[in-house]
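Trainee: Build the full structure now, drawing on both the sequences and the hints.
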Amino acid sequence: MSNQKLVKSDVIKSWFNWFMFAQSNYNYERLQATAFAHAMLPVIKKLYKEPAEQKAAMQRHLSFFNTEPICGSVIHGVTVAMEEERANGKPITDQAFNGIKTGLMGPLAGIGDTLTQGVITPIMLAICIGITNNNNIAGPIIFILAQFIIMTTISFSMWMNGYKYGRLAVEQIMSGGKINRVIEAASILGTLVMGGLVGRFIPLQFAFTFDLGAGSIFSLQTDLLDKLFPGMIPLVLTLVVLKMVKAGVSPIKLMGILILFGAITGALGIF
Amino acid sequence: MEVSFFQAALIGFFYYLSWSPWCTYVGFFTLNRPLVAGFITGIILGHPMEGALIGAGINVIYLGFISAGGAQMGDPSFAGYAGTALAIISNLDVSTAMAISVPLGTIATVLWIAKMTVNSFFVHWADREVEKGNINRVAFINVVPPQILLFVVSFIPATLVVYYGPSAVNGMLSILTDNVLHVFNVIGAMLPALGIAMNLKLIGNSFTMPFFVLGILLAVQFKMDIIIISIIGVVIALTISAMKNSSQSGEGRM
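Taken in sequence, the protein lines are chains E and X. Residues in the first sequence are numbered from 34 upward in steps of one, following this note's numbering. Residues in the second sequence are numbered from 78 upward in steps of one, following this note's numbering.
No lab work stands behind these hints, which were simulated from the structure alone. Hints should not be assumed to be uniformly reliable.
According to the in silico footprint, chain X covers these stretches of chain E (three or more CB under 8 Å from chain X) [said to hold, decoys possible]: (1) 68-75; (2) 83-89; (3) 92-100; (4) 140-150; (5) 155-167; (6) 184-197; (7) 283-297.
A virtual CB, placed ideally from N, CA and C, is assigned to each residue, including glycine.
Mentor: So this is what it looks like as structure tokens:
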């Protein structure tokens, strides 16, 4: 077995296949299996010259795989490094590959979904929705540019770190606590901004008024709530919905409940 | 306003694009979001600012929605493209647009389920080709058949809804009184609570929730812009994590 080395462009080609087509053939049976094999294709063709070896390598990467495509890239980086070692004579079994892939994909999906879908995207959206709402067309444009820069940077550096440092890179991400500190700090920013959105997008006000006689009218909203805490109704509504989400009521069901609740309270003139 | 078939087809095409791989995986984080969907639909229909405003409103409802492990709760993208298109064509206000876009997004979930089911067959096709030794076919199978399928199940329904939907909406509007429109406004004001609550489920805990109350206060009482609120948020977040860090490394030294 001769010295089989990957050059940087092989690794980048492999990353790009994944970055483009990770979810292209997303399916219930094996989720991202064909996308993983597709990403490995340039690497495998470079490392193995024997058709039988190429076939075996593709087969081991057509197994069930599912992770968060941006942060999960580190797994591919590690896998590419392992394939390179194996091509150079290190005895790595198919089970070892599968063990690494299935062992890492769950935890990284958890971290990745929290970071990309739970923290970065909602915060960027909240800010850019706020910009848009001031009649500024820059809102969606800034959002698109920012998302491309942030997501491409994370995905590429995850992949390259995985390739360079192997499993060490993953251990650093998982145990060093660095990513958790980022998520924690972003969560503070996120909850504050969510509060700002509540104030802007849930303009619910009590419509009740009481005639106190002698020409004076008491309005529950302007004469009482606005003097205590003006955002009281949106706050209470959001907390009730949050409680129901935590109790496991499905979002689709909650949409129905909110539409029904809005229709009843709106028709009765409560809001 | 009237929508031409070409405009409807263009909106349908961007809806397809938002689920496709052609803008890299970041397409899912941009074109797929109602804010961007509304903006693009607005450009196609000649009202970019209205489109962006309607998309922004719809997006708040779906703010905390997470697609994970193959589960998809509603289709924010369909709600964004079709909802904004119907709203601009039928001249609806933002909260009415929000109220009608939610059922659209919910029904469109069947498109996702159809795609995820049929795609399973392509995996077996890839298995067979690799077994035969045609490893290059995996790239083709991962891209071409699922994209043809996706195009059929996304472009066609979206185009039809945008093209034929407005007459249904107009028929509905003609029987609506001011009272009914008020009800739509109340519904539109309640739905954002869901998107925000779903996000808080993930990032809200006993430590961060007080900041949520502070955020409401800054917006409602002090009428602050989101930009200013987020700058305050960055300052607070940096301060707190620096404080936590220094106390941790301090303990480490002792």
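Trainee: Hint by hint, note whether the structure agrees.
Mentor: Status of each hint after checking the structure:
Coverage of the region 68-75 of chain E by chain X holds. Counting CB-CB distances below 8 Å, 4 residues qualify, and the rule asks for three or more. Counting residues of the region 83-89 of chain E whose beta carbon lies closer than 8 Å to any beta carbon of chain X gives 3, which meets the minimum of three for the stated coverage. Beta-carbon proximity to chain X at under 8 Å applies to 3 residues in the region 92-100 of chain E; the threshold of 3 is reached and the given coverage holds. By the rule of at least three residues with a Cβ nearer than 8 Å to a Cβ of chain X, the coverage given for the region 140-150 of chain E holds, with 5 such residues.
Counting residues of the region 155-167 of chain E whose CB falls under 8 Å from any CB of chain X gives 12; the rule of at least 3 is met. Check on the region 184-197 of chain E: 3 of its residues sit with their Cβ under 8 Å from a Cβ of chain X, so the three-residue criterion for coverage holds. Check result for the region 283-297 of chain E against chain X: holds, 10 residues qualifying (beta carbon to beta carbon below 8 Å, three or more required).
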